[in-house]
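**Student:** Below, each chain spelled out in residue letters.
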Amino acid sequence: MRILVVEDDAKIASFVVKGLKQEGYAVDHAPDGDTGLALTSTTPYDAAVVDVMLPGLDGLSLVKRLRASRTNVPVLFLSARSSVQDRIAGLQAGGDDYLTKPFAFAELSARLQALIRRSTRAPEATRLKVGDIEMDLVGRAVTVSKRVVELQPREFSLLEYLLRHPERAVTKTMILEHVWDYSFDPQTNVVDVLMHRLRNKIDPEKTRIETVRGVGYVIHGQT
Amino acid sequence: MLAMSSTDKLELRRSVALRLSLWFTVLFAVGFTAVFGFLYFLLGRQLEARESEALRLRLQQYADIYEANGVHGLAERIDEDSAAPHVRSLFVRLISPRGDVVWARVPPDWIDQDAKRVAVPDGWGGWTVRDIYSVRVPRDQQQDLAVVSSLLSDGLLLQVGRSTDNRSALLEPLRRIFIWVGSAAILVGFAVSVVAARRATRPLHQVVETARRIIHTGALDARVPVPERNDDIAELVRHFNTVLDKNAALLRSMREALDNVAHDLRTPLTSMRGTAELALSLPEIDKAARDALADCVERSDEVLRLLKALMEISEAEAGVLRLDKTDADLREIVGQATDLYTDVAEAKQIALQFEDGVLLPVFVDVVRVRQAVANLIDNAIKYTPEGGKVTLRLSEQSGNAALEVRDTGPGVPEAEQPRIWERLYRGDQSRSQSGLGLGLSLVRAIVEAHGGTAKVQNASEGGAVFLVRLPLKSAGTSGSEAL
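Each protein sequence line maps, in turn, to chains A and B. The opening residue of the first sequence carries number 1 in this note's numbering; numbering runs sequentially from there. The opening residue of the second sequence carries number 1 in this note's numbering; numbering runs sequentially from there.
A couple of the hints might just be wrong.
In silico lysine-lysine, BS3-like type, Cα no more than 30 Å apart, as pairs [as the list claims (entries may be wrong)]:
1. B:K308 with A:K11
2. B:K382 with B:K308
3. B:K473 with A:K172
4. A:K172 with B:K348
5. B:K382 with A:K18
6. B:K382 with A:K201
7. B:K246 with A:K172
8. A:K146 with A:K64
9. A:K172 with A:K18
10. B:K348 with A:K201
11. A:K129 with A:K172
12. A:K201 with A:K172
13. B:K382 with A:K11
14. A:K18 with B:K308
15. A:K201 with A:K129
One-sided and incomplete, this derived list gives chain A residues near chain B with beta-carbon spacing under 10 Å [stated by the list, open to error]:
16. K11
17. I12
18. Q22
19. Y25
20. A26
21. V27
22. M53
23. V84
24. A169
25. W180
26. D181
27. Y182
28. E210
29. V212
30. R213
Covered stretches of chain B, going by a simulated chain A footprint (3 or more residues, C-beta under 8 Å) [stated by the list, open to error]:
31. 193-199
32. 267-277
Hints listed in this document are in silico derivations from the structure and should not be mistaken for laboratory results. Don't be surprised by glycine CBs; every beta carbon is placed ideally from N, CA and C.
Required output: the full structure, derived from the provided sequences and hints.
**Tutor:** Dropping the structure here:
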């Protein structure tokens, strides 16, 4: 998997590149739009992370050109602008997803993974299994160590999200967006409360779901 | 539409154009009447003078004839005169010094003598019977009687009278013409002045319209068309447009400045946060370093959250907050926000109830309004002790959608009620609950950006009641856009 990162801010580029390399991707970095465009013409990428505001050729124009030349590489936009209009502009330019700065690296990584999965058209799983937790998405049933556990819809949704990202950190923001479909700050920790309830049901010993301070939650297969 | 027509009526009453036209018409009517009245008076006087002059001339002639030819001569002459065409018959009589009628000639169209025998006191204390003749002029409003008299040399009094056309009767057609012409002139004058005044004040209406459009829709590029004539109203319009230009430029630069600040702060914070987050996932880091890095991430999240809220409040207060408005039902928005907090309330053993009522169509930025409602619920849960109750109630209040959030907490002291909406203000400092003290400021900023209001009061049974009003779609600001 080769990923192109087009980002002018050296510090952000550095941690994105480093993080993606840690996750096992091959990463190329372009500090401006023109370099990015040149790289795409010579290398086939599996995905691109593109900052909207770039010196020279800006992110939106870069992606428009890519689309015009029938390059279907999935593109994740990064932007400091968070308004709906900016989002729409990004998607209209041909972007596949839009992430607002500041972002957690875990979220960038998860979204990128989703984009790659979508573009490679991996078949949707009907069963998820991590360690001794099994989930039947069709029958909406959950078993932990072969024992059936009754979950409320939101608890189910949270567990499903964790199971889809085994051994990877998911942030509270990501959970909030996925489980409640909200992208705002609810102040009180709504996610903590739900996580607490889910843990009581499937992981009372706190061995399966780990809280990584500053990062989020990780579900482990080996306990 | 109903609301529109009532404002139209109000506008008509307030309209400068109408007031000007009314004043103009009243002044015109008064002036017109005064001029006519003066002419009428003058004409009447002139007619009267001419008539009495003619009669006096006739009296002089008859006196001369009498002196020369006696009563017979006079009678002949009168017959002659009466026979002439277009001469009004004359009443002539001679009266002795004692008051007896010596000779008289009454015109045939006058009603004849009416003899009456009455006793009158004489000079010596007795009564004398006298015949009193009276002559009646035909009772007719059209006619008047003019009499002149002259003392003759033989001591008799010659009286010449003539029925004349009443001046007012003579001038009657003139009066009628005046009433018709006058009313027509006033009507036409009023119509013309309304049109003229409307034309003259049209730029003023456009100024009002433009200002209203900018206030309601935030269309900062709206300008008033400058009138062709270069008068003082055109100058007002030009100045108004200049003020709008400056205002728009100011808001633009403010928005840019806020964008830049946000960008310049977010970028380094993002890289700081990212670097720390990445380092956290390295296996070779020990516990102390891990805690320090986690602190970095958590603090930067806090700063970023604070920054975001501050920016939104500043933008909303400056009127430059970008609102992505869509048609929505407030019930649904409140329902979703309530849903978010069910688990939190349950964990704190607080009964969170949402009594949804009627459909409340609003035209709002759904994400932001949901955030505002969520903040209110969050605040209510935060200040309600375990086992308490938080109740949300929706209703329609005079064209507004009203949301009431009632808790069973300690309430808000009266002195603090206006201050809780201030940025970074947190009620009783001893209750060190987590939160940034921006939640309620954001609520008010969002609600006011939508043309609504946010209030707080204490319930009589204790606890705080937060009341948010948002304009309903049918009667609200979006109506003007729909037109």
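**Student:** State for each hint whether it applies.
**Tutor:** Going down the list of hints, with the structure as the test:
1. B:K308 with A:K11: Holds: K308 (chain B) and K11 (chain A) sit about 21 Å apart, inside 30 Å.
2. B:K382 with B:K308: Cα-Cα ~22 Å, so holds.
3. B:K473 with A:K172: At roughly 35 Å apart (the allowed maximum being 30 Å), K172 (chain A) and K473 (chain B) break the hint.
4. A:K172 with B:K348: holds, 20 Å
5. B:K382 with A:K18: violated, 40 Å
6. B:K382 with A:K201: Holds, at roughly 26 Å.
7. B:K246 with A:K172: violated, 44 Å
8. A:K146 with A:K64: violated, 51 Å
9. A:K172 with A:K18: holds, 23 Å
10. B:K348 with A:K201: holds, 18 Å
11. A:K129 with A:K172: Holds. K129 (chain A) to K172 (chain A) sits at ~22 Å (cutoff 30 Å).
12. A:K201 with A:K172: Roughly 19 Å between the alpha carbons, so the hint for K201 (chain A) and K172 (chain A) holds.
13. B:K382 with A:K11: With a Cα-Cα distance of about 38 Å, the restraint between K382 (chain B) and K11 (chain A) is violated, given a limit of 30 Å.
14. A:K18 with B:K308: holds, 27 Å
15. A:K201 with A:K129: holds, 17 Å
16. K11: Holds, because the Cβ-Cβ distance from K11 (chain A) to chain B comes to roughly 3 Å (cut-off 10 Å).
17. I12: holds, 5 Å
18. Q22: holds, 7 Å
19. Y25: The hint is violated - Y25 (chain A) has no Cβ within 10 Å of chain B, the shortest such distance being about 14 Å.
20. A26: Interface hint status for A26 (chain A): violated (17 Å vs cutoff 10 Å).
21. V27: Because about 13 Å separates V27 (chain A) from the closest Cβ in chain B, which is outside the 10 Å limit, the hint is violated.
22. M53: holds, 7 Å
23. V84: Holds, about 4 Å.
24. A169: holds, 7 Å
25. W180: This hint holds: W180 (chain A) lies near chain B, its Cβ roughly 6 Å from the closest one there, short of 10 Å.
26. D181: holds, 9 Å
27. Y182: holds, 7 Å
28. E210: violated, 12 Å
29. V212: holds, 7 Å
30. R213: Interface hint status for R213 (chain A): holds (4 Å vs cutoff 10 Å).
31. 193-199: violated (count 0)
32. 267-277: holds (count 11)
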